[in-house]
Amino acid sequence: MEILYLLIPLSVVLAFVIGAAFWWAVSSGQFDDLEGPAHRILLDDDSGRDSRRTPPDGGD
Amino acid sequence: MPVSPRAFAAASTARPLERASTDRASTALERCFHCGEAVPPAARWRLSLDGAQRTFCCAGCLGVAQTIRAAGLCDFYVQRTEHAATPSDEHDPWSQYDLVTTDGARGSGADDRREIYLLLEGIRCAACAWLVETYVRRLAGVVEFDINFATRRARLVWAVSQISLSSVLRAVVEIGYRAYPYDAQRREALARREGRKLLTRTAVALLAMMQVMMFSVPGYVSSDGVEPDYQRLLDWASLVLTLPVVLYCAMPFFSGALRDLRIRRLGMDVPVALGVGAAFVASAWATVAGSGAVYFDSATMFIALLLVARYVEFRARERAGAAIEALARERPHTAERFANYPASDRTECVAASRLTPGDVVQVSTGASIPADGEVLAGCSSVEEALLNGESWPRAKAPGCTVLAGSVNRESPLIVRVTAAGDSTAAAALSRLVARAAEARPRAARIADRAAAWFVAALLIFAAGAALAWWAIDPSRVLIVTFAVLVVSCPCALSLATPAALASAAGALGRRGILAVRPDALEALSRVTHLVIDKTGTLTSGAIRLMAVEATGSLDRDRALAIAAALERGSAHPIATAVRNAGGRAMSAGEVVAIQGQGVEGVVEGRRYRFGRPAWVGALHDAPLPVDAVADATAICVALGDSSGWLARFSFGEALREGAIELVAAARNTGIAVSLVSGDRLPVVEHAAQLAGIAQGVSDATPEVKRAFIAERQREGHVVAMIGDGINDAPSLAQADVSLALADASALTQWTADIVVVSEDLRDVGRALDGARRTFRVIRQNVAWALVYNLIAIPLAAAGYVHPLAAAVGMSVSSILVVANASRLARIGSDAARAASEPRRAVAERKAPEWKSSTC
Numbered sequence: 000m001e002i003l004y005l006l007i008p009l010s011v012v013l014a015f016v017i018g019a020a021f022w023w024a025v026s027s028g029q030f031d032d033l034e035g036p037a038h039r040i041l042l043d044d045d046s047g048r049d050s051r052r053t054p055p056d057g058g059d
Numbered sequence: 000m001p002v003s004p005r006a007f008a009a010a011s012t013a014r015p016l017e018r019a020s021t022d023r024a025s026t027a028l029e030r031c032f033h034c035g036e037a038v039p040p041a042a043r044w045r046l047s048l049d050g051a052q053r054t055f056c057c058a059g060c061l062g063v064a065q066t067i068r069a070a071g072l073c074d075f076y077v078q079r080t081e082h083a084a085t086p087s088d089e090h091d092p093w094s095q096y097d098l099v100t101t102d103g104a105r106g107s108g109a110d111d112r113r114e115i116y117l118l119l120e121g122i123r124c125a126a127c128a129w130l131v132e133t134y135v136r137r138l139a140g141v142v143e144f145d146i147n148f149a150t151r152r153a154r155l156v157w158a159v160s161q162i163s164l165s166s167v168l169r170a171v172v173e174i175g176y177r178a179y180p181y182d183a184q185r186r187e188a189l190a191r192r193e194g195r196k197l198l199t200r201t202a203v204a205l206l207a208m209m210q211v212m213m214f215s216v217p218g219y220v221s222s223d224g225v226e227p228d229y230q231r232l233l234d235w236a237s238l239v240l241t242l243p244v245v246l247y248c249a250m251p252f253f254s255g256a257l258r259d260l261r262i263r264r265l266g267m268d269v270p271v272a273l274g275v276g277a278a279f280v281a282s283a284w285a286t287v288a289g290s291g292a293v294y295f296d297s298a299t300m301f302i303a304l305l306l307v308a309r310y311v312e313f314r315a316r317e318r319a320g321a322a323i324e325a326l327a328r329e330r331p332h333t334a335e336r337f338a339n340y341p342a343s344d345r346t347e348c349v350a351a352s353r354l355t356p357g358d359v360v361q362v363s364t365g366a367s368i369p370a371d372g373e374v375l376a377g378c379s380s381v382e383e384a385l386l387n388g389e390s391w392p393r394a395k396a397p398g399c400t401v402l403a404g405s406v407n408r409e410s411p412l413i414v415r416v417t418a419a420g421d422s423t424a425a426a427a428l429s430r431l432v433a434r435a436a437e438a439r440p441r442a443a444r445i446a447d448r449a450a451a452w453f454v455a456a457l458l459i460f461a462a463g464a465a466l467a468w469w470a471i472d473p474s475r476v477l478i479v480t481f482a483v484l485v486v487s488c489p490c491a492l493s494l495a496t497p498a499a500l501a502s503a504a505g506a507l508g509r510r511g512i513l514a515v516r517p518d519a520l521e522a523l524s525r526v527t528h529l530v531i532d533k534t535g536t537l538t539s540g541a542i543r544l545m546a547v548e549a550t551g552s553l554d555r556d557r558a559l560a561i562a563a564a565l566e567r568g569s570a571h572p573i574a575t576a577v578r579n580a581g582g583r584a585m586s587a588g589e590v591v592a593i594q595g596q597g598v599e600g601v602v603e604g605r606r607y608r609f610g611r612p613a614w615v616g617a618l619h620d621a622p623l624p625v626d627a628v629a630d631a632t633a634i635c636v637a638l639g640d641s642s643g644w645l646a647r648f649s650f651g652e653a654l655r656e657g658a659i660e661l662v663a664a665a666r667n668t669g670i671a672v673s674l675v676s677g678d679r680l681p682v683v684e685h686a687a688q689l690a691g692i693a694q695g696v697s698d699a700t701p702e703v704k705r706a707f708i709a710e711r712q713r714e715g716h717v718v719a720m721i722g723d724g725i726n727d728a729p730s731l732a733q734a735d736v737s738l739a740l741a742d743a744s745a746l747t748q749w750t751a752d753i754v755v756v757s758e759d760l761r762d763v764g765r766a767l768d769g770a771r772r773t774f775r776v777i778r779q780n781v782a783w784a785l786v787y788n789l790i791a792i793p794l795a796a797a798g799y800v801h802p803l804a805a806a807v808g809m810s811v812s813s814i815l816v817v818a819n820a821s822r823l824a825r826i827g828s829d830a831a832r833a834a835s836e837p838r839r840a841v842a843e844r845k846a847p848e849w850k851s852s853t854c
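Read top to bottom, the protein sequences are chains D and Y. For what it's worth, numbering that gives the first Met the number 0 labels the leading residue of the first sequence as 0, then goes sequentially. For what it's worth, numbering that gives the first Met the number 0 labels the leading residue of the second sequence as 0, then goes sequentially.
None of these hints come from the bench; they were simulated from the model. Check the hints yourself; a few may be wrong.
Stated by the list, open to error - Derived DEER-like restraints, expressed as beta-carbon distance ranges:
(1) A24/D x T346/Y: 42 to 48 angstroms
(2) D472/Y x L5/D: 35 to 41 angstroms
(3) P8/D x R136/Y: 53 to 59 angstroms
(4) E132/Y x A37/D: 41 to 47 angstroms
(5) A37/D x D472/Y: 52 to 58 angstroms
(6) A37/D x R408/Y: 41 to 47 angstroms
(7) A37/D x H571/Y: 36 to 42 angstroms
(8) Q52/Y x L5/D: 56 to 62 angstroms
(9) I40/D x H571/Y: 39 to 45 angstroms
Unchecked claim - Which bits of chain D does chain Y cover? Going by a derived footprint, with three or more residues having C-beta under 8 angstroms, they are:
(10) 3-10
(11) 17-26
C-beta: ideal position from N, C-alpha, C; glycine also.
Same shape as in the complex, but just chain D:
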């Protein structure tokens, strides 16, 4: 059970690392719009690529 002396502090350190990662994610704006991206994935540009009117310039 001595391993707890390593694991418990390690879990605390881990919690701080996760906290820091989350702080970075929030401050870089990843949580500003929680709804837009869900719609954007349905509406993105590749519909234009399939469309007959604008044929792909490179071809795929």
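Using the hints, position chain Y against chain D.
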């Protein structure tokens, strides 16, 4: 953070200032008295203030302090909880704002008074708000100045003849703050920052909560206790994880409690801060000392769940606000103005606010229209969702009016500006809404006061419980007191009302229903009698072609086409109605319009007259057909040539869209409906019959209308009045709650309690329904909060509630209240529309429009 102790120290030591400038080591620690920045070594900015010499970091701070001293507002330095912001010495950017306001566009009254909303920067505590408020109110020419501490917004009313806006803004800078004319973008940036902070706090607290809970599980599950060594390790780990929760995540609660106490008020942060603070200090002490119970798990869980509730509330508030903000935000900032229309095609890009009536602008496809105006050239469809909640674009052709903020969908338009900047319809509405947002509804004020009393009672009760347990079992004092403080839910009580009001206002705002006065929704929810004005409200006000009956050799379509050709150039209401009814394109020659009679002209070689039957009959001297008895509810127009009568047209007013549904919906909810009008009895009766209204008055002067409403009020009714014109103003004022439609005159909108931006009367029904639902939710919320507290607090005081359970119960109660309120966000959307749709279909089958039988 508090400044007073250090200020006191500086005053008592009376340090030798001459030496300070030579001794670098000691001055490096010296801080500016005003802003708290480090004072540069060679600083010479000093001032005697509050009976002592103060040192400042720069001339700016010194100047600010001098201004404050000269104004006799030194109390600020005693009361403040934070250092002031460092004033910056940038060049004078304020005078540009004078341009915005000197044109009188923002006039709020008949005289030279102007009203504007300012966004304040640098307000950090209640003392700052007090300082700015007091200082600005003393300026000559400032009529009103109120700061909303929560939103950092201030409402300023000033007299232009005595003071300019820039002088007020400069005065705010003089005492170290900044004020900007309210700008939606800036507000959004502030809101985003706040949202990010709150989200980080919530997530950190949740993370710590999970981990701390894991550390405390062994203590709960093991039957004979964890080995002391391991328990100490777990306690220390919990302490390390709880530290950021208390110091960072719970900061808003502590600073809120401090602020409340400083202004001698009891808010809901006080018991929270007390409970968390006591639990943390006791647990930390137990951990360090190595004996005693720890409550880290309860404390972190309490804060985490409380933050979740706050975050949910913040999101609901933001969503509600966004709908209303959109009104102001969507107006574009620039416009493409023709330098010399129509002589040249050259356009220049100018600020939308610099447009003046008469300018001609180009609106490209997909762009927002920069100002209210009239289409000169181009045909397109324009989406006015912002203004009336109608997502279906409307067709626009030359001659149509377009409103600022609507989006041009199909092809470019050339528009002549009729109103720009702050005089556009959208700007006027957003100003009305802003005014409503500043004032707090009575219901919310009562809830606030009740919450303060509740907190006071709670603190006394907790103290009583603590004393009682001290006598019974001293070892349980802390756990019971903590449970009492935590389990009580003043949050639910003080959130119950504002959360529901904000949610409803947002939902109604999205449908284009704007509650302009704070108490409007409450009054609307109690309405028992609905009074509708006829012309322009129940009916659309425009004349419409009801029926065409061919009486001669021509068929109906050809008669209509000839009439349309004759009326092509006329602006008469009947001409417009004929043109709107369509007909093939034909051209007429030698057209002569006879005032009050009709038009005469040649179409395809034949001479026709279109107008009053008597005048048309003079062309051929044939007698009028027998059934042509004038119908009192319709206007009769005849078409004829030299050989005889050709066709009979009847025109009438059409019911406004949704009128029948509104009356039916009101009747379903037990609201009586009556019609008032200045029109003749048969016309009013006809309209009432079509809409399904049983009672009302005709031939009414404004005074009679007002008396009619007063009579209903004496009978015990709560009366709502829908009106549009200036002549309705007395009745609108008499009614308990008044509604104005979008095309109502500006004055009517200004006096109305609720402005319905769409032209659809069904939205009035939605407003009625929404108001009722809002107050049902408020009642549910308050009832829940009361029942919960009445049961939970005595249980906690009796020692039956573990702090952990208390934390869960309290937070769940808060979240429940907010979630119940956010059900209101769906007012008038899918559910309500689905409910009104079948009724509408039935109504349309019965009476598609206001038809007159014969003419």
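Results of checking the hints against the structure:
In this structure the hint that A24/D and T346/Y lie 42 to 48 angstroms apart at CB holds, the actual value being about 44 angstroms. D472/Y and L5/D have their C-beta atoms about 40 angstroms apart, which keeps the hinted 35 to 41 angstroms range intact. Here the CB-CB span from P8/D to R136/Y is close to 57 angstroms, well matched to the stated 53 to 59 angstroms. For the hinted restraint 41 to 47 angstroms between E132/Y and A37/D, the CB-CB distance of approximately 44 angstroms keeps it satisfied.
Separated by about 54 angstroms at the C-beta atoms, A37/D and D472/Y satisfy the suggested range of 52 to 58 angstroms. In this structure, A37/D and R408/Y break the distance hint of 41 to 47 angstroms, their C-beta atoms being roughly 25 angstroms apart. Separation of A37/D from H571/Y is about 54 angstroms and departs from the stated range, judged on CB atoms against 36 to 42 angstroms. In this structure, Q52/Y and L5/D meet the distance hint of 56 to 62 angstroms, their C-beta atoms being roughly 57 angstroms apart.
For the pair I40/D and H571/Y, the supplied restraint of 39 to 45 angstroms is violated, since their beta-carbon distance comes to about 55 angstroms. Here's how the region 3-10 of chain D fares: 5 of its residues keep a CB closer than 8 angstroms to some CB of chain Y, so the rule of at least three is met and the hint holds. Counting residues of the region 17-26 of chain D whose CB lies closer than 8 angstroms to any CB of chain Y gives 6, which reaches the minimum of 3, so the coverage claim holds.
Hints 6, 7, 9, counting from the list given before, are not met by this structure.
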